[in-house]
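**Student:** Sequence:
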Amino acid sequence: ARAFAAALQCPAAGCGRCQACTTTVAGTHADVSVVATEKVTFSIDEVRDLIGVAQRAPSQGRWRVMVLEDADRMTERTSNVLLKAIEEPPPRTVWVLCAPSPQDVVVTIRSRCRGVALRVPPVGAVADLLVRRDGIDRDVAVVAARAAQSHIGMARRLARDPEARARRSRVLELVGSVRGVGDAVLAAAELVETATAEAKAATEDRDAAERTALLRTLGVEDGGTLPPTSRAQVRQLEEDQKRRATRTQRDMLDRALVDLLSLYRDVLVLQLGAGVEAVNAAHGDLVRRLAEECPAEQTLRRMDAVGEARTRLEGNVAPLLAVEAMAVALRPQA
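Quick note on numbering: the UniProt record's numbering labels position 274 of the sequence shown as 274, and the sequence is numbered without any gaps.
Hints are computed from structural coordinates only; laboratory data are not their basis.
Treat the numbers as computed from the prediction; the structure is a model and nothing was measured.
Don't be surprised by glycine CBs; every beta carbon is placed ideally from N, CA and C.
Worth double-checking, as some hints may not be accurate.
Distance ranges between label pairs, derived from CB positions [what the hints assert, rightly or not]:
{"no.": "1", "residue 1": "186", "residue 2": "316", "range": "23 to 33 Å"}
{"no.": "2", "residue 1": "332", "residue 2": "28", "range": "29 to 39 Å"}
{"no.": "3", "residue 1": "118", "residue 2": "161", "range": "20 to 30 Å"}
{"no.": "4", "residue 1": "277", "residue 2": "173", "range": "16 to 26 Å"}
{"no.": "5", "residue 1": "288", "residue 2": "208", "range": "22 to 32 Å"}
{"no.": "6", "residue 1": "213", "residue 2": "331", "range": "32 to 42 Å"}
{"no.": "7", "residue 1": "60", "residue 2": "325", "range": "26 to 36 Å"}
{"no.": "8", "residue 1": "218", "residue 2": "60", "range": "34 to 44 Å"}
Could you build the full structure based on these sequences and the hints that come with them?
**Tutor:** Okay, here's the thing in structure tokens:
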């Protein structure tokens with residue numbers, strides 16, 4: 001999206017060297033706005049602010065470019081607020097909406113956009129990037145890129161963090177331990193607890209720093225008495241942090257479910273003799289055992305159960321209930 005925005009601003013249609021290109025890619029171009037949310041969904045106020053910016057004429061560049069990441073996180077009500085701005089933008093304004101797939105965007109918005117599908121980079125290209133940019137060992141980079149299914153950010157995390165690799169392995173091993181309803185309930189609880197702990201670790205330092213900075217701005221010392229006039233601002237910060245923690249937990253949990261899907265994908269590949277490379281080559285024994293204990297039809301039903309759990313999480317179902325229902329469906333069937 002940034003590269004496309006740079007090409008729109010560049011007199012040479014994207015040379016990569018001029019000021020328009022470099023400032024756009026760096027995120028400092030005055031006429032390019034890149035917006036994402038750390039919450040579960042965009043709020044209506046956030047979208048209204050975007051619309052206000054989009055109405056301005058470009059001040060330096062050729063276009064006013066609005067890049068909206070996580071466009072799939074707009075509710076139908078929020079999308080309706082944005083609809084008119086996308087349908088009839090100002091003459092020099094371009095909207096770029098980013099989402100995992102067109103189907104993830106509300107149909108009223110999708111029907112007014114032109115879809116551009118991006119190719120998933122091959123494992124080798126992602127591994128080369130990790131080696132070149134992060135100094136990762138080549139073998140580790142290849143394994144991480146394959147496990148992340150060419151997601152560059154996740155591949156970097158797996159390559160650089162042994163604990164992340166261990167947690168991913170544990171998620172896959174949990175599947176093999178599910179033999180009955182009791183095992184399913186325990187496995188679901190562990191998955192949710194792990195995601196919650198990861199989310200807390202990822203946000204607590206930042207939350208504390210934000211609270212300290214806000215109190216300092218308000219002239220209040222840490223541990224001091226909060227004046228009534230400042231309580232609303234502190235309460236708003238706490239609510240925003242709570243929403244961010246919820247988003248982080250669900251993202252962590254969804255990533256675990258994607259890893260489970262990759263495991264069952266490998267099982268199905270083995271069952272059908274497709275002859276394509278496994279995502280989880282390091283877990284070959286588990287893949288073979290799962291392939292032997294059930295037919296391909298049951299593997300497909302298990303994949304459907306994981307997909308249904310992801311859908312329920314997107315629909316704001318309680319994480320533990322959604323994952324428990326999935327885990328019960330993963331039991332071996334007689």
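**Student:** Provide an ascending list of the numbers of those earlier hints which the structure does not satisfy.
**Tutor:** 2, 5, 6 and 7
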